Amino acid sequence: MALSSLDLYNVEELYSEDERLVRDTVRAWVNERVMPHIEEWAWEGHFPRELIPEMAELALFGSTFTEYGLPGLSHVAYGLVMQELERGDSGLRSFVSVQSALVMYPIMTWGSQEQKDRFIPRLARGELIGCFGLTEPDFGSNPGGMRTRARRHGDRWVLNGAKAWITNGSIADLATVWAKDDEGTIRGFLVERGTPGFSTVEHKGKYSLRASVTSQLIFEDVEVPEANRLPLAAGLKCPLSCLTQARYGISWGALGSALATFHATLDYTKSRLQFGERPIACHQLVQERLVWMANEITKGQLMVWRLGRLKDAGRATFVQVSQAKRNSCWVARECARLARELHGANGVVNEYPIMRHLMNIESVYTYEGTHDMHTLILGEHLTGFPAFMPPRNEG
Amino acid sequence: MKYCVLVAYVPDTASIIKIGGAGNRIDEGGIKWIISPYDEFALEEAIRLKEARGGEVTVITYGPDRGSTGLRECLARGADRAVHVMGGEATFGDAFAIARVLAAAVQKAGPFDLILCGIKGVGSDQSLVGAMVAELLDVPHVSGVVKLEVGEGSLTAQRDVEGGTEVFTAPLPCLVAAHKGLNEPRYPSLKGIMAAKKIPIETWKPADLGLDEAALGGAEATSRWLKLELPAAKAGGTILNGEEDPAGAARELARLLRHEAKAI
Ligand SMILES: Cc1cc2nc3c(=O)[nH]c(=O)nc-3n(C[C@H](O)[C@H](O)[C@H](O)COP(=O)(O)OP(=O)(O)OC[C@H]3O[C@@H](n4cnc5c(N)ncnc54)[C@H](O)[C@@H]3O)c2cc1C
Ligand SMILES: Cc1cc2nc3c(=O)[nH]c(=O)nc-3n(C[C@H](O)[C@H](O)[C@H](O)COP(=O)(O)OP(=O)(O)OC[C@H]3O[C@@H](n4cnc5c(N)ncnc54)[C@H](O)[C@@H]3O)c2cc1C
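Residue numbers (numbering that gives the first Met the number 0), protein chains in the order written: chain F, 0 to 394; chain B, 0 to 263.
The set of hints was computed from the structure by calculation and includes no laboratory data. Treat the hints with caution; some may be incorrect.
Pairwise CB distance ranges, derived in the manner of DEER restraints [to be verified]:
| id | chain 1 | residue 1 | chain 2 | residue 2 | range |
| --- | --- | --- | --- | --- | --- |
| 1 | B | D137 | F | H45 | 51 to 61 Å |
| 2 | B | E219 | F | R124 | 46 to 56 Å |
| 3 | F | Q283 | B | E259 | 38 to 48 Å |
| 4 | B | T237 | F | K269 | 21 to 31 Å |
| 5 | B | G54 | F | F317 | 46 to 56 Å |
| 6 | F | Q283 | B | T237 | 31 to 41 Å |
From a predicted model like this one, the values you see are computed outputs, not experimental measurements. We put the beta carbon where it would ideally sit given N, CA and C, even for glycine.
Construct the complete structure from the given sequences, taking the supplied hints into account.
Laid out in structure tokens, this is it:
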């Protein structure tokens, strides 16, 4: 069932038999169930909700956990799942990332037993769709500045504020929402669809992730029972640690996008004839671009494999995850751009997957911490100087 | 009910085939291996029968080391037990030798109520092994089955024939060779893949079945692959540009059809 894929450094040998089987399974599913329709879905702005039961059947949601009969994949296998989904489409990968890393993960990590029993099996079966509300209209890279407030009244909390750019927002049954309490401590809440005062508005006019839903969440005196607060979550480090989980998956996923644009370009340049009926792949200038793509993808494959093994050993740091997210998204973005160039005019139409990947990767480059923010995280790690705040004028 | 599925692990149908060293085998470098597609139908049918009425599914393959990867995939899809008869180099492509090994393995692993296999194995496409195994086991067989109903002690199987359908009944135990259309095979689930890791694969050698692979491939051999040739490269087509002079292009097309292709 497998199709060959770029592997210049025999990374295939670094994966175990079950990791390969997991990858090949998801690859076959994406090829058969997603690829024939994805251009149309993206064009129409349609999220393929009808695929959720199949994804649940494959056990794609929360697949690294072992509780509740979940598969307990290694992190390398999980990464390969993300790679194959994003080789299809970044929007599809985003859906699985959010459900697994941003909704099931915080419930498993900071939730009560009752919350886990209530929500995890239904999230795993895809009967509930989750979303993760951290970003606000005025606070993106600096989520610690959030304005959404949660005020306690006995055994209830009252939420007020707004979240923006939330993947799955208007289709979600369950929103993980981060808000500050009266002491200014960030807390996590599980807000259920239909709770009075909770509404959503879809962001219209996206040129990117068109096969994924992105929305604003609005909270007007929304009453949430104490039983729906994540009891063990306190402080910005909690949502940030969710992001570390999701970023890890993105570091693999973005390479899937790069593999898609690379392979499309390799095929195209070998078959497109110009100047003397010769394939454009004969030209040194074209080969240089193909080599650049293959070379960066190869380095990326080794980086995420190593990161996955560190994560399986419980030793991956958030700085390493930042570095891999930053690198993979940059590689994928450059690959999409080069692929666009090499496809000529065909690179702008949806008969080829290029423009879709190129537009998608702009979101992936920005969400879960922009490229710049990861530069600053690495910069601080190397130098010891945090450079997030603008330099003050002390003249 | 006990079900047995014979599974061949074969080159991916999407692989680019090159001819190898001695000219009578394909070059296996860079080949991806898959469960032979018809065997997927056989396996799926066995798993569905088990799910509907209980029982146990055993998968058997005969082949080199890599066959265990195929067996893992069968376990991930829902098989309960896997047997790997290690070998196959000496008997390569000899359907009768392979059938002797498989029949002996089925006998040792059994008894079974139903034995399923694919109608043909990708790569050699001979459609011989199933019928031979059935004869060696002295059980009836139905080959090319697109619909199957298993009752108490007997089965009803349908085959598509040109312009119609044949319906057979046969007593159990019986061998059924699956054809495309029997069912829609499932994907292994990630959960199944992880659970399959814990099931040990039983590894046998032909000698454990009382067979001598060297003799099967030597004095007792019934067929050998002498030579493989790739099909002749397709000649590039002729394109007539009709944009400027459609009538002239049509005349030229008619001339080519008459004199070159001799089609009219
Ligand atoms: C399709 C999509 C889906 C999303 N899904 C979710 C979701 O599910 N949940 C969620 O909570 N959020 C989500 N987001 C939001 C995303 O995480 C934010 O857009 C991202 O964090 C950037 O925030 P911002 O858009 O406010 O940009 P800003 O923070 O305003 O950044 C704008 C630019 O300024 C730069 N910049 C900012 N601060 C600094 C600095 N200190 N030094 C140097 N440069 C700086 C940035 O790098 C960037 O280039 C999504 C976004 C998109 C596009
Ligand atoms: C390059 C190459 C390498 C191959 N390597 C292997 C290999 O490593 N292992 C392998 O099993 N096959 C392998 N095959 C396929 C194998 O050669 C054929 O399946 C075998 O020759 C049987 O011949 P057949 O076409 O008559 O089988 P068919 O009669 O067409 O097969 C009918 C059915 O019999 C069963 N069957 C056949 N052979 C086996 C077997 N060995 N084990 C279990 N069930 C079987 C299957 O259910 C199959 O669908 C390879 C083929 C090629 C071209």
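Now for the hints, and whether the structure bears them out:
In this structure the hint that D137/B and H45/F lie 51 to 61 Å apart at CB holds, the actual value being about 57 Å. Between E219/B and R124/F the CB atoms are about 54 Å apart, so this pair conforms to the stated range of 46 to 56 Å. Our hint of 38 to 48 Å for Q283/F and E259/B holds, since their Cβ atoms are close to 40 Å apart. Between T237/B and K269/F the Cβ separation comes to about 23 Å, which falls inside the hinted range of 21 to 31 Å.
Between G54/B and F317/F the beta carbon distance is about 50 Å. The supplied range of 46 to 56 Å therefore holds. Taking 31 to 41 Å as the suggested C-beta distance range, the pair Q283/F and T237/B conforms, at roughly 33 Å.
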